[in-house]
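Could you build the full structure based on these sequences and the hints that come with them?
Number of protein chains: 2
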Amino acid sequence: MEPTNLEEAFGAFEETWSPRVVAELNGQEVKVARLEGEFVWHSHAEADELFYVLDGDLTIEFRDEADAHLSAGDLLVVPAGVEHKPVAEEEVKAMLFEPAETLNTGDADDADLTVEEPERLD
Amino acid sequence: MEPTNLEEAFGAFEETWSPRVVAELNGQEVKVARLEGEFVWHSHAEADELFYVLDGDLTIEFRDEADAHLSAGDLLVVPAGVEHKPVAEEEVKAMLFEPAETLNTGDADDADLTVEEPERLD
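Protein chains in written order, with our numbering: chain A, 264 to 385; chain B, 264 to 385.
Mixed in with the good hints, there may be bad ones.
Copies of the same chain look alike in the list, so a pair counts if it fits in one copy or across any two.
Unchecked claim - Here are the simulated lysine to any residue pairs, SDA-like style, with alpha carbons at most 20 Å apart:
{"#": "1", "residue 1": "K356", "residue 2": "G336"}
{"#": "2", "residue 1": "K348", "residue 2": "A308"}
{"#": "3", "residue 1": "K356", "residue 2": "D370"}
{"#": "4", "residue 1": "K348", "residue 2": "L384"}
{"#": "5", "residue 1": "K356", "residue 2": "A335"}
It is worth saying that the hints were derived from the structure and are not from the lab.
This is the structure in structure tokens:
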């Protein structure tokens with residue numbers, strides 16, 4: 264029963280768009296990620312995905328509706344099946360909640376960005 | 264696709280030990296809660312429960328092992344079935360992540376503290 268500190272978790276990696284798992288519960292995972300630049304358009308067929316911004320300003324673009332703008336303390340759920348593209352002009356630190364096994368790139372076919380087995384920091 | 268701001272969510276209530284739902288996804292809920300004083304000993308038979316401290320210092324007591332001490336930025340998962348008692352000398356703002364329908368008092372028989380249907384702020 265040792266708490267995990269998120270600042271320490273962020274201290275363990277520098278890569279962007281490469282989530283780390285900090286907790287697992289009820290078949291879901293809590294991840295932390297550094298986001299900077301434009302990610303790929305993608306969706307997760309079966310998984311709702313929560314973004315919670317810890318630091319920085321994150322835009323999440325959608326195909327058919329207005330972009331969402333998240334700053335520190337803001338959270339947003341992207342429903343399963345909804346195509347989205349995260350964009351961060353400067354580095355964002357974010358927490359993600361989603362089902363275990365959810366791929367960061369969802370249905371996008373981008374081998375360079377896909378992280379098959381995120382490192383665990385829990 | 265409107266983000267929810269956690270400070271605004273906390274601005275919507277003052278009660279302690281009375282979680283509010285700020286997001287729902289994949290059958291799970293994200294809640295925010297103000298914790299102050301000693302809660303009741305309880306467990307959740309089927310639900311792992313995540314505590315993430317946003318502000319303040321939270322102790323989680325266990326029956327058979329050392330207390331966990333969480334400060335801002337710390338998170339801890341209390342596994343299903345593990346009896347625990349949250350204690351906060353001064354008010355703590357916390358985020359909780361657990362299956363929808365999880366009762367705040369779990370198996371404890373305490374009608375005064377049980378919140379059957381938490382208010383939704385999402």
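A quick look at each hint next to the structure:
1. K356 - G336: both (11 Å within a copy, 13 Å between copies)
2. K348 - A308: within (15 Å within a copy, 38 Å between copies)
3. K356 - D370: neither (23 Å within a copy, 36 Å between copies)
4. K348 - L384: neither (26 Å within a copy, 26 Å between copies)
5. K356 - A335: both (9 Å within a copy, 16 Å between copies)
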